[in-house]
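Engineer: Single-letter residue listing:
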Amino acid sequence: MNMRVLAILLAIGVTGLVLFAPRSGARSEPPAAAKPAAAATAAAPKTTPSVPAGGTATATAATGIPARPEQIVFAPLAFEPPDASTFRRTLTDGTVVYLAPSREFPLVNLVVTFKGGASLDPADVPGLASMTARMVREGGTVTMGSAALDESLDFLATDVGVAANETFTAATMNCLKSNFDESLKLFLDMLRTPAFEPQRLETARARVLESLKQRNDDASSILSREWKRLVYGTDHFEASEPTDRTVAAISRDRLAEMHRRIFHPGNMIVSVSGDFDEKEMLGKLEKAFSGWERGGPVADPVAPTAVLQPGLYHVPKEIPQGKVVMGSRAITRDDPDAIPFLLLNEILGAGGFTSRLMQQVRSNEGLAYSVRSSLTPRVFYPGDFRAGFESKNSTVALAAKIVMEQIAKMRNELVTDDELETAKASLIETFPRQFESRPQMLRVFVNDEWTKRPKDYWKTFRDKVRSVTREDLKRVAQKHLDPEKMAILVVGDWENIASGDLEKRASMNDFFGGKVKHLPLRDPLTLEPLPEQAEK
Amino acid sequence: MFKNALRSLLLILWLLPSGLLLSPPALAQQVAVEEFKLDNGMRFLLVPRRDQPNVVSAGWVARVGSVNERPGITGISHFFEHMMFKGTDTIGTRDADRDAKYRAEQKAVRDEINRIVWTKQYERLKRGEIADAWDPANDTQELRVLRGRLDALIRAQQGRGEGGAEAATIVKDEFDQVYTKAGGSGMNAFTSHDLTCYFITVPANKLELWAWMESDRLNNSVFREFYSERDVVHEERRLRTDSTPTGRFQEQFDAMFWESCGYAWPVIGWPSDLNSYTFDQAMDYWNIYYRPGNLFGIVVGDFDPVAAKAFITRYFSRLDPGTKPAPPVVTLEVDQIAEQRMNAEGDVPPAVEVRYHTVPAGHVDSYPLDMLSELLNERTGRLYTGMVEGRAIAGSARTASDTRKFAGLFSFEAETRGDATPEQLEKAWYEELAKLQAEEVPERELRKVKNRVAAGNYRRLENNMSLLIQLAFFEQLLDWQEINEGPKKYEAVTAADIKRVANRYFSPANRSVAVYRRATVENK
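In the order they appear, the protein sequences are chains A and B.
All residue numbers in the first sequence are consecutive under this note's numbering, ending with 536.
All residue numbers in the second sequence are consecutive under this note's numbering, ending with 524.
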């Protein structure tokens, strides 16, 4: 189930600073933007080494090729972010619709975004919103059986998906323009009057159970699960997961009840991109939604109450490579420190090869293939900051030590001018990609409206980035990144990890005085601790 | 997210799910490609598109993958993919001459280490004195000294050893920094069995920077950090293969399935080979496979093709055509004459995979084989309705037709549901097959699949990078024109064609079966 949901979520919510982070914990993505290129390239970047002595410069001069890339002169590229209000319309019942036509392909892409996802799950049935979304898609409608509905959609070659993430539920329909009317009818039927057919429910239940059984197979899923439990607490929807019992407890009544709460015009924003005429589309939507009863408002997600206990944690798994996450809760999406934090994160570990973690842990020391840091953007409560990597058992401690040192360095020293300039240039120059395609642009608008993002956020984004100073970054690091208050979680073979590397550069005793809390591996079906002897 | 999503695939060997290749646009509009070739032999495909303003995706393909390797250098194509980001005499160093000196000294030491390991350590391994010939923990005194010297040279070159920062000649990851500063995003590369592809998305006004950077690294890559980077590749191997539930099983199954051709070894390479590549072998490889006659570039997005053609010509014409043409791949896969089976136990769900040898990309039978797979897959396909819902024995089931440059395979994979066994799934698969072999597919069912394929043909053209990668595969496997021609061939497939291929390729003697079972505490 998770992979399918993930794929759909990725398809509906991939904008950067969105709240739509897939459940598996996608990383926050810095937006990007084209500052007029003339400014960007006027001066050669300061890190640039001087042109090497010798033939390179003169040899290439003859071919008309500049000796260094900084010498290329680029045409300016002006970009202003699109204004949401240009695309925003309202139906007579008050439903908000964003429309962005394009004639390139004869396709229409329709997305209905509802507020509420796992955030609405009752305490005794985690996963109910997710299962509701799934069963809206799979369970047929009161007028058409599930098999006939699937056949019809498939024959029309119309793709339909319904999925819930932490705080939203989205239904998407992508069809050939020629099949729009027929597809829309089936799609609305599905959203408005789902039947939750018992046999389909049993199949879905069985498939979820099969996926639960696989929860310990891959160490990274253990890492992700235990990290969320530590950071958000098991009583919060960020960390609570279904078990065999809660899956069994899902009934058609509970699905219907959840459906009533989420799927109604008082709780949705519609967006359409693709090949259509605007006026015609508004008329069709008006008709399709008419008579759909509005329900009550959906509450905002509640904040977790758990407090992270700093320390060193370990979960057993026999693999030749330890998997590590370290971090703590950080800030909300709209925190005044959000943009400096974004830049800090770029420099520390989100900026690919240019980031410090990548250079130190991978490039210099060869300790990991992947090493990164990330911020989970959350609107209603602080998300988490985390750094992570995978390294062979003997060098887990050394890599962890280097990551911790780099985090501490962000607090204790100013970043270099050049690092800050590079990070700023990257965010500014890649900014237009936030609005690259029409579906992408509409995702931003819908998300911003649901989460009440300040109206001038995108307009002023690049200026806000430009105004950040090195001192800001140090201040933000001191305020939000404290190694003493962080947890380190290791999944792997502790016996071979604890002692550290051959050259004795580090061992796990270097963290929290070597005091480790061994967490149990959990039964994949019940999530109850497994008896220890199950692991050697 | 888009940026990070790609970054998380950084430098990966990225094996495209074959499904992506199998549904070229049946009714889709033609992709208008402008094609040209430089005097040195390098070809370019330009696809200007205005619908997504401000950005251009650009990349190039080396017509080489693991299929071009041989025992002893398996994984070297993928290792090249890593090396190509390590800079040139201009990018990545503050002193090209001194840097070259470090590299020469490192080479001398490492060649000596290799010689000793291949002789003395391999000998000790054979006698049972040590368990791992390459593990530094088993080093002799002589090796310890050499390894210390190599490490000191690497550290000095990085400015972290003797001589401190002053001694450094490397500018770390400058290649990435230049692009990052210019707004490049999604910089990445992947290696597959048949090709190696390097790509990035840049702001629309920065395409010339791409031409500079890529022609520079093709003109004068120096394989900096040739020795330290293999630690990274080892970690990549541990991450993708050794630490995943099925990584090693899949590797073994591949090695069993492919008997004679170059698809038998993993793209990432065998561990002993990863340690063994020499600088000289790398140079040979470079001189054969990274010459312009063996490369092609692709640009998709918002750009002026006339201007682009002019500067692409100027920049890439500096590449030396070289003297050695790439040798043909000569070893063909032999016919399989008896069923093969593998029984695996691990942290895996009970499952079965059945594989058959089929045909390479472009073969006349590849189109009905792809359509046959489509009939079986998806929500209304025969596998879901038959095994997942109908008999309720599978949690999931899918097929794939994977047609590569020199050979192809067809696979069926399914995981069990409830108390069902892998054997039940295998039997159910043979029953599905028997139906396809006995009866022609009803007209409406075939039409449904064709409709889906046709709509998919539009959908997959929407994204610039996805279009670039499809063109890369088509051009290397067949011809880029296939993106426009393929759809007609799929539309022309008949029910009789599907029945014919179902009878032709799916025989017991032509199949290999992997059965997976969950390891229990008792039998661990």
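Certain hints may be false.
No farther apart than 30 Å at their CA atoms in a straight line, the calculated lysine-lysine pairs in the DSBU-like style are these [to be verified]: (1) A/K177 x B/K107; (2) A/K504 x B/K107; (3) A/K177 x B/K450; (4) B/K489 x A/K177; (5) B/K450 x A/K185; (6) B/K427 x A/K213; (7) A/K284 x B/K107.
Just so you know, the hints here were simulated from the structure itself, not pulled from any lab data.
Engineer: Name the hints, by number, that the structure is in violation of.
Structural biologist: Violated: hints 1 and 7.
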